[in-house]
Amino acid sequence: GENVEQHPSTLSVQEGDSAVIKCTYSDSASNYFPWYKQELGKRPQLIIDIRSNVGEKKDQRIAVTLNKTAKHFSLHITETQPEDSAVYFCASTGFQKLVFGTGTRLLVSP
Amino acid sequence: SQTIHQWPATLVQPVGSPLSLECTVEGTSNPNLYWYRQAAGRGLQLLFYSVGIGQISSEVPQNLSASRPQDRQFILSSKKLLLSDSGFYLCAWMGVHEQFFGPGTRLTVL
Numbered sequence: 013g014e015n016v017e018q019h020p021s022t023l024s025v026q027e028g029d030s031a032v033i034k035c036t037y038s039d040s041a042s043n044y045f046p047w048y049k050q051e052l053g054k055r056p057q058l059i060i061d062i063r064s065n066v067g068e069k070k071d072q073r074i075a076v077t078l079n080k081t082a083k084h085f086s087l088h089i090t091e092t093q094p095e096d097s098a099v100y101f102c103a104s105t106g107f108q109k110l111v112f113g114t115g116t117r118l119l120v121s122p
Numbered sequence: 189s190q191t192i193h194q195w196p197a198t199l200v201q202p203v204g205s206p207l208s209l210e211c212t213v214e215g216t217s218n219p220n221l222y223w224y225r226q227a228a229g230r231g232l233q234l235l236f237y238s239v240g241i242g243q244i245s246s247e248v249p250q251n252l253s254a255s256r257p258q259d260r261q262f263i264l265s266s267k268k269l270l271l272s273d274s275g276f277y278l279c280a281w282m283g284v285h286e287q288f289f290g291p292g293t294r295l296t297v298l
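Top line first, the protein sequences correspond to chains A and B. Residue numbering for the first sequence is 13 to 122, as defined by my numbering. Residue numbering for the second sequence is 189 to 298, as defined by my numbering.
These are calculated hints, taken from the structure and not from any lab test. Heads up, a few of these hints could be off.
[Said to hold, decoys possible] Derived Cβ-Cβ restraints for the label pairs, each shown as a range:
1. B/248 / A/44: 42 to 50 angstroms
2. B/204 / A/29: 43 to 51 angstroms
3. B/229 / A/95: 15 to 23 angstroms
4. B/189 / A/71: 18 to 26 angstroms
[Claimed, not checked] Subject to a maximum C-alpha distance of 30 angstroms in a straight line, what follows is the list of computed DSS-like cross-link-like pairs (lysine-lysine):
5. B/268 / A/80
6. B/268 / A/109
7. A/54 / B/267
8. B/268 / A/54
Here the structure is a predicted model, which means the values were calculated and not measured. Cβ atoms here follow ideal geometry from the backbone N, Cα and C, with glycine treated the same way.
With the hints as extra help, turn the sequences into a complete structure.
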C-alpha cells in the first residue's frame, strides 16, 4: 500500500532561521499533498497543500515544493517564529483516504 | 460552510467499560468520514473510514468498531475498553481532496 516517510522527526531552529521538512511517497498515482500543523492538545490544521500539476506553492512565510519524478515534497518555513513551534504532518492521497507521515516536531527558540 | 462536531471533549473511563464517541458534520452531504487515534506524542493512526451510510472500512484490527447510521453521523464504539485505548480520537471529513479534522475527544482509560 501507499507509504509516506517524513524527516526529520524533530527539528530545532533559532527564531528567524528557515526550517525544511521533507516527505517521500510511494504511490505514483498520488495527486494531492497537504501539510498539517498540530499545536499541543489541538486538532491538526491544514496550512498549505499542493496538487501534482504544480511544482511550488507559496503562502507568506510557508511554501511547498513537489518533485513528482523523485516522489518527494517539502515544506519550507522562512523567518521562523516561536508560534511556528508545533508538530507538522505531511500526507498524500491513497485510495479513498489520505496517508500521513509520522510527523515532525519543530521547536523554534527565541 | 462545513463544520464538524465531536463529543464528548474529554472522557475518563475504567478498563472494561463500553465506549461511544460521536461525530457529526454540517454543511455537506455524503462526505467521506474518518476516525483516527493519536497516542500521546505520536502520529495519526487511521482506525476506520466510511464512504457512505452503512459502509465501514477497518484499517486496524482491534476491539473498536464504527458505524454510520446517517449520512453525516459517524460513531466509534467499544464493548470493553483496554488501557491501550487511551488517546486523542479525531474524526475527520474529506471534501474533493482536503481533509478537515474535528476538535477531538481525549480519552483516558484507567
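Status of the hints after comparison with the structure:
Under the hint 42 to 50 angstroms, the C-beta atoms of residue 248 of chain B and residue 44 of chain A, about 24 angstroms apart, miss the expected range. A beta carbon spacing of about 50 angstroms between residue 204 of chain B and residue 29 of chain A agrees with the range 43 to 51 angstroms that was offered as a hint. Separated by about 20 angstroms at the C-beta atoms, residue 229 of chain B and residue 95 of chain A satisfy the suggested range of 15 to 23 angstroms. For residue 189 of chain B and residue 71 of chain A, the hinted distance range of 18 to 26 angstroms is satisfied, since their beta carbons lie about 20 angstroms from each other.
With a CA separation close to 45 angstroms, the supplied pair residue 268 of chain B and residue 80 of chain A exceeds the 30 angstroms bound. Distance restraint check for residue 268 of chain B and residue 109 of chain A: the Cα-Cα separation of roughly 28 angstroms lies within the 30 angstroms cut-off, and the hinted pair is therefore satisfied. Among the hinted pairs, residue 54 of chain A with residue 267 of chain B is consistent with the structure: their alpha-carbon atoms are about 27 angstroms apart, no more than 30 angstroms. Straight-line distance between C-alpha atoms of residue 268 of chain B and residue 54 of chain A comes to about 27 angstroms, which keeps the hinted pair within the 30 angstroms bound.
When held up to the earlier numbered hints, the structure conflicts with 1 and 5 and fits the remainder.
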